[in-house]
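Student: The residues making up each chain are set out below.
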Amino acid sequence: AADRGPVVLAASSLQGALGEAADAWAARGHARPLLSFAASSALARQAMAGAPADLFVSADEAWMDALARAGRLRGGTRATLAANRLVLIAPAGSKVEIAIQRRFALAAALGSGRLAIADPAAVPAGRYAKTALAHYGVWDSVAPKLAPAENVRAALALVERRAAPLGIVYATDARASRRVRQVALFPASSHPPIRYPVAILKASRHRDAAAFRAFLLSLHGRAILARHGFAAP
Amino acid sequence: MAIDIDVERRLGERNIAARFTAGPGLTALFGPSGAGKTSILNMVAGLLRPDRGHIRIGERTLFGPGIDLAPEARRVGYVFQDGRLFPHRRVRANLLYGHDLAPPANRWMGFDEALAFLGIGHLLDRWPQSLSGGEAQRVAIGRALLAAPELLLLDEPLASLDAARRGEIMAVIERIRDELRVPILYVSHDRAEVERLATEIVPIGG
Amino acid sequence: MAIDIDVERRLGERNIAARFTAGPGLTALFGPSGAGKTSILNMVAGLLRPDRGHIRIGERTLFGPGIDLAPEARRVGYVFQDGRLFPHRRVRANLLYGHDLAPPANRWMGFDEALAFLGIGHLLDRWPQSLSGGEAQRVAIGRALLAAPELLLLDEPLASLDAARRGEIMAVIERIRDELRVPILYVSHDRAEVERLATEIVPIGG
Amino acid sequence: MMSAELWGIVALSLRVGALAVALTLPLAFALAWILARWRFPGRVLLDALVHLPLVLPPVVTGWLLLVAFGPAGPVGRWLEEWFGVVLIFRWTGAALAAAIMALPLMVRAMRLSIEAIDLRLEGAARTLGAGRWHAFRTVSLPLALPGIFAALVLGFARSIGEFGATITFVSNIPGETQTLPLAIYSALQVPGGEAMVTRLALLSVVLSLAALVLSEWLVRRSHGERARRGD
Amino acid sequence: MMSAELWGIVALSLRVGALAVALTLPLAFALAWILARWRFPGRVLLDALVHLPLVLPPVVTGWLLLVAFGPAGPVGRWLEEWFGVVLIFRWTGAALAAAIMALPLMVRAMRLSIEAIDLRLEGAARTLGAGRWHAFRTVSLPLALPGIFAALVLGFARSIGEFGATITFVSNIPGETQTLPLAIYSALQVPGGEAMVTRLALLSVVLSLAALVLSEWLVRRSHGERARRGD
Ligand SMILES: Nc1ncnc2c1ncn2[C@@H]1O[C@H](COP(=O)(O)OP(=O)(O)OP(=O)(O)O)[C@@H](O)[C@H]1O
Ligand SMILES: Nc1ncnc2c1ncn2[C@@H]1O[C@H](COP(=O)(O)OP(=O)(O)OP(=O)(O)O)[C@@H](O)[C@H]1O
Ligand SMILES: [Mg+2]
Ligand SMILES: [Mg+2]
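Protein chains in written order, with the working numbering: chain X, 30 to 262; chain U, 22 to 227; chain L, 22 to 227; chain D, 1093 to 1323; chain W, 1093 to 1323.
Honestly, the hints are just simulated from the structure, not real lab data.
A couple of the hints might just be wrong.
Unchecked claim - Computed footprint of chain D on chain X, listed as stretches where at least three residues anywhere in the stretch have a Cβ under 8 Å from a Cβ of chain D:
| # | segment |
| --- | --- |
| 1 | 37-50 |
| 2 | 63-70 |
| 3 | 75-84 |
| 4 | 234-243 |
Backbone N, C-alpha and C fix where the C-beta goes; we use that ideal spot for every residue, glycine too.
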């Protein structure tokens, strides 16, 4: 149908920001894009299977690379949409104070509790967190004290519910929750840049695909992303 | 119509065997409990497969070398020793089950006639579970007769009926035997019943 | 032990009512099919609750104002019109069900004795589903007798048994009646049977 | 008060659940019948196959569906070429995912009922002139009704709740494949979405409650009146 | 060839499945009995409550478990204070999640069997001197066995496959809460993890096949020999 917007497969963590961008795009008289939010892995597999989607926005480079290797991307359309940061969080009432530095006492701060993070074996946010902790030499001491969650939101929920005294999530998640407190921000140098790449899929047939991608990357689009806490790439 | 039966069948550790011919009319199978009477009726009805032998009713071979008619093709009317009314159908629907399946030309007993002599007209809207023992038995008899069978298999049809009812039903059986000439295989332990009804008595087992 | 029964119970559109007293011995309930005989036995056994009335056996009130003994407290032995053997227990386990629950001091019939006069010794390892009609009935009689009841409820216990077996069982019933003085409520349509066994005949419905 | 968007999600869930159950019912019954009545080598294997969607994590089932029914998959390509049927990103695909997840539950429920049927009643029907098929339709099938109703309820509830296989196979497209559980997932992803989650979860509960009440009513109508004589 | 790590995952899955089924069995039977036999106001509501874990997306169930049984949750706090029992991040918590997800399936299966019991047999047992409880134990319970076995199989299979509620409630801790589905999930998340996924999925299938074969054998032993007389 002509009045259906392009199909955008996007990582769940972008839900708020891309939703607003889609509204802004629609306000300009375009058909509103169909946004499908799920884990990057699930979406990438759908794209891999040749699903009739137009845009893919991943939460990490690895899945975008995989699609590129599989020849599923339209050449020259890959770009970085936004960036994010990692933060150390605690439940809102917690008094804990921790400064992030070499061999900082994370394990001691956890006590008998666990550190809630997205599964480092599976989820991008978890992989970044693992690199950052390794960077400061504390990974080995906290590795046995992890609570690896299905995604960043689930890790956040563990801290919100005080099931875990500390957690590592994206700055964008921490910002929006009143139940948690940001304890510290991980310096950007401690992990590879957290980037959300966007690309048009080879299977794309929608004429608005390129225009919507351009809109997202425009000043207006970036302003919306910034409002949701995402950093510029 | 003559009946010619020669069957053998192993059941657990027992071997049920019977071999008899009988003329038209009512053939009573007479024998002690556990002799195999019900098993023989089951073989005639096509519900139990003989290990060997043959079953012929008049011109028709129901079972024999290379022949094993399906139960529905045998056109028997079977009153089971254990009732077997359909629990999910009311009495009326139980009675009409075989009736509606039979070609109208073959029917030899009307619905109302069956209701009358069985005295079950007031039970039509009841569920089988709520019937008394004798009521259920009469419905089972009606169901079998209404299916327009060419051969009747009656396994203790009058057990647990009172004398008056018993007499009425025996009269109907006699009519079926004599006027309609439907051959009947009849199992009963009641001497008086058998002596009144039977054209021939076949002793089973013992 | 005297029996004093006065009960009433609505079943669907029918009202079952009975009122009679009887001396010790065997009281036969005699009446047409559907008269309510089974329902009365069920009320005595505690399986069907009377709407009003009382049931007294000798000194014991089984049912009455403010009294409604549980079935297991009534100590009746019930041979059901429809068998009701436990399908998940072999014949032996069916027979021993009530036997093992009764205090040994109360038992008045031995296991082997029951097997002998019922002729079911060879069936002990069989499943009820594989029994013939008469075999199942004999097992049901054995199961009830072995539970050491103080009152016997027999609902057409001899239907579908052959004459020889019938005679043997009647002899045992006579012995229970006369020697053990267990009161018996007996339902049968067989005149001869009733006349031979009954101390008293109570007409039901009609 | 419910917004048009919520209504759309509910309507879609109902549509997906209804199609899923309708799709599965005959297949599940056939499988239940075969497993209950036939003895053949490989029966346990078939049984295991039926249980598969229960044992595998839903994401794996969804992934397998994607591999088989996706545009590049063998079945998917064939369906598209011959029938023009596309399942990926469509509500029909969501129904397929739900149907497969509901299958094991439905088969088991019906199998229990079929195994409980008194075979002698079928024999009685045959002697009354009913062919195999007629006896099946008029005796076996009605006697298996309790299992069929249970299967309907279980299958519908499972379909209404299906998440993992659906999102993996047909993604999370509003208006097309975003059923209640997927909408709940989306709401869970936005910080502070708990109110929405609660609202959507309550809607799910109401739907299943309605389905339950309906099925109880159907059961009672179909054979509740048959007084059971427990005496 | 299987690494020690894989063995650990399989052993944990078995442990979780076994505890989940053992936990649920008596509760599910009681619920099935009540739903099959009792008539009381609120019965449909109880029925709906039992179906809840089927209707709600597993993640929501996991989240509710977290809210209730987490260290800050009312039940969780109470359990810890009074019994020193901690469920979160423990394999026992995984079993609880699996148990709750399996509950509706188990209740339905047993309920079907209980509803099929011939009440007159219980009456017969009572006249033979069996009290209510003894009649239940010796007659009703054995006659409900087909449903109990079906419940065991369904419940175990569901437990072996449970993912969403488990990972949300007790997270994905290797050696403690990482059951097969969670390991499969991890493998599915990384590009090129398909080989591992296949290996783990095959393990799940083998487990459930073994459970099926075992249950078939138990069923046959318990009452397969009872020749059914279909004639
Ligand atoms: N599956 C089986 N295994 C072992 N024995 C069996 C099986 N089925 C039937 N029998 C036996 O076969 C015999 C014949 O049974 P059948 O029902 O034909 O007897 P019957 O003559 O009708 O007896 P009754 O007058 O008591 O009804 C019985 O002794 C019965 O126990
Ligand atoms: N639930 C019910 N609804 C309606 N009528 C019922 C119900 N239960 C029993 N009846 C009727 O009550 C009457 C008495 O039944 P009961 O079984 O006591 O008869 P009976 O004297 O034992 O008869 P039979 O000699 O035929 O066994 C019967 O007419 C029966 O149809
Ligand atoms: Mg017989
Ligand atoms: Mg009676």
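Student: Are the hints correct? Go through all of them and say.
Tutor: Verification of the supplied hints:
1. 37-50: Per the Cβ count (5), the hint holds.
2. 63-70: holds (count 5)
3. 75-84: holds (count 6)
4. 234-243: Violated, because only 0 residues of the segment 234-243 of chain X bring their Cβ atoms closer than 8 Å to Cβ atoms of chain D.
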